[in-house]
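Student: For reference, the chains in residue letters:
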Amino acid sequence: MPDNWTFVVAAYALAAAVFGGYWRWLNRRERELAASRSHQPSRSGHPRPEPAARPPLQQ
Amino acid sequence: MAWKDLLVERRSKETLNALLFFSLALLFVFQFALGPDRERLAAVLPGLLWLGFILSGVLALGRAFLVERENDCWEGLLLAPGDKSAIYLGKLAGSLALMLVVEALVLALFVLFFNVDLGPALPGLALVIVLGTIGVAAVGTLFAAMTAQVRARELLFPVLLLPVLVPVLLGTVRVTEALLLREPLAAVAHWLQLLVAADVVYLTVGLLTFDVILEG
Amino acid sequence: MSTALGWLAAVALTAGLVMGFGVAPLELTQGNVQRIMYLHVPAVWVAYLAFALGLAGSIAYLAGRRPGADRVAHAACEVGTVFLGVNIATGAIWGKPTWGTWWTWDARLTSVAVVFVMFIAYLLLRQAVEDRERAARYAAVLGIVAALNIPLVHFSVYWWRTLHQPPSLLKPGSSTMPPAILAALLVNFAALALLGAYFVTRRARLLAAEEEALA
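Residue numbers (our numbering), protein chains in the order written: chain A, 1 to 59; chain B, 1 to 216; chain C, 1 to 215.
These are computed hints drawn from the structure, not numbers from a lab. Backbone N, C-alpha and C fix where the C-beta goes; we use that ideal spot for every residue, glycine too. Some hints could be false.
[As the list claims (entries may be wrong)] Computed Cβ-Cβ distance ranges for the label pairs, DEER-style:
{"id": "1", "chain 1": "A", "residue 1": "30", "chain 2": "C", "residue 2": "64", "range": "23 to 29 Å"}
{"id": "2", "chain 1": "A", "residue 1": "31", "chain 2": "C", "residue 2": "15", "range": "45 to 51 Å"}
{"id": "3", "chain 1": "C", "residue 1": "66", "chain 2": "B", "residue 2": "85", "range": "20 to 26 Å"}
{"id": "4", "chain 1": "A", "residue 1": "31", "chain 2": "B", "residue 2": "86", "range": "47 to 53 Å"}
{"id": "5", "chain 1": "C", "residue 1": "64", "chain 2": "B", "residue 2": "197", "range": "25 to 31 Å"}
{"id": "6", "chain 1": "B", "residue 1": "155", "chain 2": "C", "residue 2": "211", "range": "24 to 30 Å"}
{"id": "7", "chain 1": "A", "residue 1": "35", "chain 2": "B", "residue 2": "193", "range": "35 to 41 Å"}
{"id": "8", "chain 1": "A", "residue 1": "17", "chain 2": "B", "residue 2": "29", "range": "20 to 26 Å"}
{"id": "9", "chain 1": "A", "residue 1": "21", "chain 2": "C", "residue 2": "14", "range": "43 to 49 Å"}
{"id": "10", "chain 1": "A", "residue 1": "34", "chain 2": "C", "residue 2": "14", "range": "28 to 34 Å"}
[To be verified] Away from chain C, derived, C-beta distances all over 12 Å, residues of chain B:
{"id": "11", "residue": "17"}
{"id": "12", "residue": "18"}
{"id": "13", "residue": "35"}
{"id": "14", "residue": "43"}
{"id": "15", "residue": "67"}
{"id": "16", "residue": "86"}
{"id": "17", "residue": "120"}
{"id": "18", "residue": "139"}
{"id": "19", "residue": "151"}
{"id": "20", "residue": "167"}
{"id": "21", "residue": "170"}
{"id": "22", "residue": "180"}
{"id": "23", "residue": "190"}
{"id": "24", "residue": "206"}
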């Protein structure tokens, strides 16, 4: 029986990519939210903020 | 409640007629998709039958709360006094009656067009059709109420419903297959138990959670 | 607390890799490709644990209406879906060299796929309902139906594939597993469970932050 190491590596790499991707997505969302919250006090000076300055819409 | 729905239904007859023609159209589509080979058709007949039942059921159930939505009576449902599970049972009975009528006629059409000899299988078939349809209608009524107020409900409703119905579909198709092959019901007793279990689970969850959906 | 959990998961995952590739012996019939099992099997266990947590969270939300319970249910179902996705993908990768095909309508593969689709639908419902409170209620109902449906799916698909009366409800063969392989499996299960718990706490916290930002 051949070892099929490529399949083993592919399986573990894929799992690492999925878990890592999910972890990075969590980190990114958390940073975005923290950033948008810290911007809020400074925004109070501008009655109508630029559209680009608003937090991105949730999908 | 069921009585009211049935009355409305009988007066308009619109849903019933449309559903019947939909089932008839499905019958033709199945026939054309599979070609005239009678043996191949006979092998997949139970599956086709239940596919037709479930698709027409999805359409029927998707319209279960249409009257309330279109006539702005949703608030009325929310404010209805008393136990909300009575509304659930009423809607369920209405959909069940509609689906059973459509299914009986579709079955007759199948017998006619595909030249199936039901004969002694009929009582067993009636049993499995009732058991399966109760399962479909129990979850379907719950999910139809859930998606009635959601955007993209026509899409979301089958997306929610179909995966949940996999056990019911597998059970009913297997039992129907056994019945058409003249196998004794005892050979598929575990499937019938599974269908009963599914019906009990779906009905219980539906009764217990329907008022949660009708909160607003 | 979640940071500690994250480090714990990282350590445990390293230990799991050592157990899976270093300690566990070479499986004789399949060769080294069998080592995918230390990832594949624990992933589905963790996914089902997460769905059980999702069921508990859904029931708790309907009983007490605390937003925290809903966030746990949402996070658990999402993380469970991710783990189930990993299970299916690694199963396909394992299936290609051993069975010669990426996918077969085998009983366990099929039932896992059906459960996967059910919880994708759950996440879709979450997205489709805009009002937070209503989304929480609807999702709790769907979460309960989906979780209770798992045993029904499992039995029906199992019987569908075997086509006959099931010989026994217990899976044969687990008792013949060598202790080193079993140990590697359990260490990896603990590692993935820690990872799952870490993800659930992080995701629940993120959901809380999202709600706060929208409020």
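Student: Going through the numbered hints above, which ones does this structure break? Give me the numbers in ascending order.
Tutor: 2, 7, 8, 9, 18, 19, 20, 21, 23, 24
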